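Chains A and B supply the protein sequences, listed in that same order.
Counting in the numbering used here, the first sequence runs from 9 upward without gaps.
Counting in the numbering used here, the second sequence runs from 93 upward without gaps.
No lab work stands behind these hints, which were simulated from the structure alone.
What you are looking at is a predicted structure, and each value in this text was computed from that prediction instead of being measured.
A virtual CB, placed ideally from N, CA and C, is assigned to each residue, including glycine.
You may find that some hints are simply not true.
Straight-line distance between alpha carbons at most 16 Å, and here's what the computed EDC-like set of lysine to aspartate or glutamate pairs gives [unchecked claim]:
hint, chain 1, residue 1, chain 2, residue 2
1, B, K360, B, D285
2, B, K287, A, E149
3, B, K275, B, D237
4, B, K236, B, E113
5, B, K266, B, D285
6, A, K32, B, D276
7, B, K273, B, E313
8, B, K267, A, E149
9, B, K236, B, E358
10, B, K305, B, D276
11, B, K266, A, E149
12, B, K333, B, D296
Using C-beta positions, here's what the derived DEER-type ranges look like [what the hints assert, rightly or not]:
hint, chain 1, residue 1, chain 2, residue 2, range
13, A, I156, B, D232, 43 to 49 Å
14, A, K14, B, I117, 28 to 34 Å
15, B, D276, A, I131, 54 to 60 Å
16, B, Y314, A, I131, 51 to 57 Å
17, B, R156, A, T34, 19 to 25 Å
18, B, T308, A, K14, 53 to 59 Å
19, B, A150, A, K14, 57 to 63 Å
20, B, L111, A, N102, 46 to 52 Å
21, B, I100, A, F99, 17 to 23 Å
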Amino acid sequence: MTTLIKNIIRFCVILLVQVLILNKVTLQWWAQPGGFPIFIPYLYPLFILLLPFETPVALLLFAGFLCGLSVDSFMNTAGMHAFATVLIAYFRINVLNALLPKNLSEYSGQTPSVKNMGWLPFIVYVSFLVVLHHAAFFTVELWSISNIGYLLLKIFASSATSVLLIIAYVLLFTRQSGGKSQRIM
Amino acid sequence: MRNFILFIRRFFNLILFLLLEVICIVLIARTQTVQGDDIMSSANLLIGNMYKQRNDVAYYFALRRMNDSLLRENIELRKRLTAQAETDVIYDSAATVPVSYTDSGKVVKYADYTYRTARVINNSVGNVNNYITLNRGEKDGVKKDMAVISANGAIGRVVNTSAHFATAISVLSKKQQVSAKLKDGTVGYVSWDGKDPSQLMMRDVPTQIKVRKGDTVFTTEYSFFPANIRIGTVYKTTLIKSKNLQVLYLRPTANFRNLQYVYIVENKMSAERRRLEEAAKKDDDK
Numbered sequence: 009m010t011t012l013i014k015n016i017i018r019f020c021v022i023l024l025v026q027v028l029i030l031n032k033v034t035l036q037w038w039a040q041p042g043g044f045p046i047f048i049p050y051l052y053p054l055f056i057l058l059l060p061f062e063t064p065v066a067l068l069l070f071a072g073f074l075c076g077l078s079v080d081s082f083m084n085t086a087g088m089h090a091f092a093t094v095l096i097a098y099f100r101i102n103v104l105n106a107l108l109p110k111n112l113s114e115y116s117g118q119t120p121s122v123k124n125m126g127w128l129p130f131i132v133y134v135s136f137l138v139v140l141h142h143a144a145f146f147t148v149e150l151w152s153i154s155n156i157g158y159l160l161l162k163i164f165a166s167s168a169t170s171v172l173l174i175i176a177y178v179l180l181f182t183r184q185s186g187g188k189s190q191r192i193m
Numbered sequence: 093m094r095n096f097i098l099f100i101r102r103f104f105n106l107i108l109f110l111l112l113e114v115i116c117i118v119l120i121a122r123t124q125t126v127q128g129d130d131i132m133s134s135a136n137l138l139i140g141n142m143y144k145q146r147n148d149v150a151y152y153f154a155l156r157r158m159n160d161s162l163l164r165e166n167i168e169l170r171k172r173l174t175a176q177a178e179t180d181v182i183y184d185s186a187a188t189v190p191v192s193y194t195d196s197g198k199v200v201k202y203a204d205y206t207y208r209t210a211r212v213i214n215n216s217v218g219n220v221n222n223y224i225t226l227n228r229g230e231k232d233g234v235k236k237d238m239a240v241i242s243a244n245g246a247i248g249r250v251v252n253t254s255a256h257f258a259t260a261i262s263v264l265s266k267k268q269q270v271s272a273k274l275k276d277g278t279v280g281y282v283s284w285d286g287k288d289p290s291q292l293m294m295r296d297v298p299t300q301i302k303v304r305k306g307d308t309v310f311t312t313e314y315s316f317f318p319a320n321i322r323i324g325t326v327y328k329t330t331l332i333k334s335k336n337l338q339v340l341y342l343r344p345t346a347n348f349r350n351l352q353y354v355y356i357v358e359n360k361m362s363a364e365r366r367r368l369e370e371a372a373k374k375d376d377d378k
């Protein structure tokens, strides 16, 4: 399978999981009054995170825009998810450059994974971009910063859940053994 | 010119990034208003069908709960029916006989409602503005601005329709307020703060109005809803002493988390009424 087809299939699968299953899962960490806000876990930024290393930035931006708009059209939130996803698509390359020891061009034909990045850099990479995505999204969704404590709580709780979900996805759908780092999906 | 092209090439990614973000911000800004709901909606054929497929699966697991709620509604309707029969009032609810202007003795109904059932195929409570996708569309006569209610209470307003699907913005939305009244007729607005789906608020109620816990708040005839549909029951009140006002916290009577069947209410007089109100507004502006 070529990388392009693999990514298109992954895009469809992640999108369907997001809009048909995860959008129905409304979570709340503590249900007591005055406790944590309710939120939906977002898995779809993973599509941007797992694109190959050498994807040009322009293509990343368009992929992010398309991915965000698809989620938007399912959730009636024109532009909000697209805004956040384009943002992480733009900053992805900077974060990768800062975290990887070698130049990005030396990782030709590979995608970001635990195998070629190591556990700690991968988790830092995922959580930084997910927090960025969620911060942008929830700020735009609330459209005010008068309630900043609530906003920060929501960003924190929901990004922690999303990062856990993404790590679970990576553990499930990455081939753990075998010499070549290869992804099933 | 050459320098300009070089500049574009050098900052191409940044320019593209800013361009896409500006497109997103324009989209967001336009949907922040109540009027901007038709820019992007899940009422289109592809997404509607996908939601319908998903709901067909989930439908079977909700059958038992649905049966219970239908039974309860039947009991409620039977109660009202017997109440009507005992008081023995001859009351023509479907008065569609044209009334001539000489006929001033007859009472003309202010509104004439048609109810359509619809199934909720997608629903959310976790966002700041929550939308409901319904499996009825223009082909079934659903139009924009019709009210959506359930057996338990007010649900929302239709904002977008396609041939077979419609989306409604729910009462749990920051950008819309619902005209509401208390038992004694005090009128106000019910709004949602975007946080807890089991809490609505009615602000700016004067303190001299005594409100007790458990009082019900109803819809008024000023809004797109038919009058006297339950919205919520009061569970907490707070005083704002400086303004001499109180805030009522309501528990919504409808359970937004497990909506299955709703009614779309068409007000047959609404077009006429809106025309009249808009004409009055225009006169005001002059």
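Going through the hints against the structure:
1. B:K360 to B:D285: Violated. K360 (chain B) to D285 (chain B) sits at ~32 Å, over the 16 Å cutoff.
2. B:K287 to A:E149: 12 Å, holds
3. B:K275 to B:D237: It is violated: about 26 Å lies between the C-alpha atoms, which goes past 16 Å.
4. B:K236 to B:E113: 30 Å, violated
5. B:K266 to B:D285: 6 Å, holds
6. A:K32 to B:D276: 39 Å, violated
7. B:K273 to B:E313: Judged against 16 Å, a Cα distance of about 10 Å means the pair holds.
8. B:K267 to A:E149: 11 Å, holds
9. B:K236 to B:E358: 10 Å, holds
10. B:K305 to B:D276: 15 Å, holds
11. B:K266 to A:E149: 10 Å, holds
12. B:K333 to B:D296: With Cα atoms ~12 Å apart, K333 (chain B) and D296 (chain B) stay inside 16 Å; holds.
13. A:I156 to B:D232: 43 to 49 Å: Taking Cβ atoms as reference, I156 (chain A) and D232 (chain B) lie about 45 Å apart, which means the hint holds.
14. A:K14 to B:I117: 28 to 34 Å: 32 Å, holds
15. B:D276 to A:I131: 54 to 60 Å: 59 Å, holds
16. B:Y314 to A:I131: 51 to 57 Å: 54 Å, holds
17. B:R156 to A:T34: 19 to 25 Å: 22 Å, holds
18. B:T308 to A:K14: 53 to 59 Å: 56 Å, holds
19. B:A150 to A:K14: 57 to 63 Å: 30 Å, violated
20. B:L111 to A:N102: 46 to 52 Å: 19 Å, violated
21. B:I100 to A:F99: 17 to 23 Å: Since the Cβ atoms of I100 (chain B) and F99 (chain A) sit about 22 Å apart, the hinted range of 17 to 23 Å holds.
When held up to the earlier numbered hints, the structure conflicts with 1, 3, 4, 6, 19, 20 and fits the remainder.
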